[in-house]
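Trainee: Listed below, chain by chain, are the residues.
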Amino acid sequence: MICPYCSFDNPDGTLFCDDCNMPLPANVNVPQQAISGVSAPVGNQSSTQQKPHLSLIAGGLQQKDLPRLVVMENMLPTGESLRLPRPPYPAEILLGRNDLKNSVVVDIDLTGAGGFQKKVSRKHAFMGHDGTNFTIKDAGSTYGTFINKSKLTQGQTATILPGDEVRLAELTFKIE
Amino acid sequence: MNKFAHIKTQLSQNVLPISTSAQTIYALVKIDPVDFPAGQKIPLDLRMVLDRSGSMSSMTSAYSSKNCLDLLKEACVNAAGMMQKDDRMTVYSFSDRSKLELKPTIIKNGKDHDRIRKAIQSIRLSGSTHLSTSLDEMLKINPINNNYLQRALIFTDGEVNVPGTDSEEKACLSLAGKARKMGIPFWVYGTGIHYAEDFLKKLAAVSGGSFEHISDPKDMVSLFSDQMQFFKDVAITNAEISLDAIPGVILRKVSRVIPDIEVYAHIQPTYFSSDIPDIDRVRGAAFLIQLEIAPVFDKPIKAVYINLRYDVPSLGLKAVEQNSEMEITFTDDASLIRQNSDVVDIVTLQGAHTLATLGAQAAETGNAQQGVTLMQQAAALYNNAGAVDMATQLMTLSNSVSSQGSLSGNSLNTKRTLTTASRKMVTHRMITNSPDTN
Numbered sequence: 042m043i044c045p046y047c048s049f050d051n052p053d054g055t056l057f058c059d060d061c062n063m064p065l066p067a068n069v070n071v072p073q074q075a076i077s078g079v080s081a082p083v084g085n086q087s088s089t090q091q092k093p094h095l096s097l098i099a100g101g102l103q104q105k106d107l108p109r110l111v112v113m114e115n116m117l118p119t120g121e122s123l124r125l126p127r128p129p130y131p132a133e134i135l136l137g138r139n140d141l142k143n144s145v146v147v148d149i150d151l152t153g154a155g156g157f158q159k160k161v162s163r164k165h166a167f168m169g170h171d172g173t174n175f176t177i178k179d180a181g182s183t184y185g186t187f188i189n190k191s192k193l194t195q196g197q198t199a200t201i202l203p204g205d206e207v208r209l210a211e212l213t214f215k216i217e
Numbered sequence: 016m017n018k019f020a021h022i023k024t025q026l027s028q029n030v031l032p033i034s035t036s037a038q039t040i041y042a043l044v045k046i047d048p049v050d051f052p053a054g055q056k057i058p059l060d061l062r063m064v065l066d067r068s069g070s071m072s073s074m075t076s077a078y079s080s081k082n083c084l085d086l087l088k089e090a091c092v093n094a095a096g097m098m099q100k101d102d103r104m105t106v107y108s109f110s111d112r113s114k115l116e117l118k119p120t121i122i123k124n125g126k127d128h129d130r131i132r133k134a135i136q137s138i139r140l141s142g143s144t145h146l147s148t149s150l151d152e153m154l155k156i157n158p159i160n161n162n163y164l165q166r167a168l169i170f171t172d173g174e175v176n177v178p179g180t181d182s183e184e185k186a187c188l189s190l191a192g193k194a195r196k197m198g199i200p201f202w203v204y205g206t207g208i209h210y211a212e213d214f215l216k217k218l219a220a221v222s223g224g225s226f227e228h229i230s231d232p233k234d235m236v237s238l239f240s241d242q243m244q245f246f247k248d249v250a251i252t253n254a255e256i257s258l259d260a261i262p263g264v265i266l267r268k269v270s271r272v273i274p275d276i277e278v279y280a281h282i283q284p285t286y287f288s289s290d291i292p293d294i295d296r297v298r299g300a301a302f303l304i305q306l307e308i309a310p311v312f313d314k315p316i317k318a319v320y321i322n323l324r325y326d327v328p329s330l331g332l333k334a335v336e337q338n339s340e341m342e343i344t345f346t347d348d349a350s351l352i353r354q355n356s357d358v359v360d361i362v363t364l365q366g367a368h369t370l371a372t373l374g375a376q377a378a379e380t381g382n383a384q385q386g387v388t389l390m391q392q393a394a395a396l397y398n399n400a401g402a403v404d405m406a407t408q409l410m411t412l413s414n415s416v417s418s419q420g421s422l423s424g425n426s427l428n429t430k431r432t433l434t435t436a437s438r439k440m441v442t443h444r445m446i447t448n449s450p451d452t453n
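Chain order of the listed sequences is A and B. Heads up: the first sequence is residues 42 to 217, going by our numbering. Heads up: the second sequence is residues 16 to 453, going by our numbering.
With the rest of the complex left out, here is chain A (with noise of 0.2 Å):
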């Protein structure tokens, strides 16, 4: 379900945009006739709603247009997805866990995700752009950056074609 507001994609029956909290229309999935004792779903009354400029809410930002790093576990998606920055894109997109008192600062910080506990390093890998897709190399990370299940060597530089499998230790996540 497209938020009409920020564009973002939302699980169908959401009734709340999970990126910018505006309210959603009624889900085609649920009857909107309901039985006695039932209200139709909220976004159903709209006469009073106004739709807001895009940019008040989200920066006007299209956020079905950005790549977004999702996070996978046994070949599931776990829900957790990272956006990556707009285009252009920085030459080096550093991956890792923010440590504050350490002054490392990542450009995508995975603690989130679950960074910690799948012993994904501080400073673990850098993304970049080649114009077409994105790449990956590692950052003298502790347990490794594989692509597909193939470990990349020190200074190797690695491209991600669609579908690809990436995973900074034991942290797996796709791009979509």
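Quick caveat, the hints were computed from the structure, so don't treat them as lab data.
Derived DSS-like pairs (lysine-lysine); straight-line CA-CA distance at most 30 Å:
id, chain 1, residue 1, chain 2, residue 2
1, A, K215, B, K314
2, B, K247, B, K126
3, B, K317, B, K45
4, B, K217, B, K114
5, A, K159, A, K178
6, A, K215, B, K317
7, A, K215, A, K164
8, A, K178, A, K192
9, A, K159, B, K317
Mind docking chain B on chain A? Use the hints.
Mentor: Chain B alone, transformed into the frame defined by chain A:
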């Protein structure tokens, strides 16, 4: 295993369609103490820490001879009058110094009530606001025994500022952490527009207690009275809830909605755990969980395992554990699907509260236009949910922000009042069965 709490789960839909894409369902988990025999009464050990700084001399209205401190004393005397035999009361006041107004006094008879009343009425106005010393001294009071419900009630109308704001705030928060470990949560009240709202909320949260804004000092008597009644109704303490989701089920959002709305940040996708404030017999506690279900199920699943751990002080029981399971069923017949309007209403109220809070934050930080838009959206949701008074007040506030270009002055007091009211909307609706707060 004896159970002393009802754990009841309601879903936003009776069944989910078998789907090829992820879908969302909401679950309301309600916790209520079982109606077990009262057992022994839980005596209350109440420690009051009260602001007597110069700002408390402000008059509450042009037609009243009472200032803020007068009303505070009245509220405290009234609250003390509700204490029963064997309860204990201690009163500290603070300005630039801490003062023990009433040493720990166990109530045995009417003379003790008189002594408490006189001690409170003798509190006098003084200088600036130095809270940490009073907190420190209050926490040093030895508990009587393990059977008492130890609680601290803290009131201020100003920013802590002695010796310096940062160091004073850090000292207070450190003491709040200490209080939590000692089992003495802070019930914090602030009034006016000059107190540091974020700091007081944090002070309450770190101690495991609660914060409330008092819109009009004249409301203090009734608020303190309600608080005392709540302490009497407490049946379960030191509670902790944990949620364990199975693979394929994600905890997208978790909020507490009763006794007030608090949206938890930074939750793990498949596991959640949190302390719960005191659970009383009147309101209980409730959590709203937004679940994301992967498109891999077509048979009934036990989607989330719920564990509850708690003490029952009136029966002298500690670390009682109870488990419950959240079951979800699936169907390929869309005509069988029905929504649960009670749960959807609560999702709506929580969503409206989030938007109102974001709108107020935007307005306070200078983004008036975004703030107005979000508040108006929240007002529309409240209106649709039947909370017309809340909707009207929110629209009035957004109009004020729109014309002033910011949120300040009296608008700030209004914002704090509305935030407090919206946080309690779900509880109010459940207790009064009324759609509005008035």
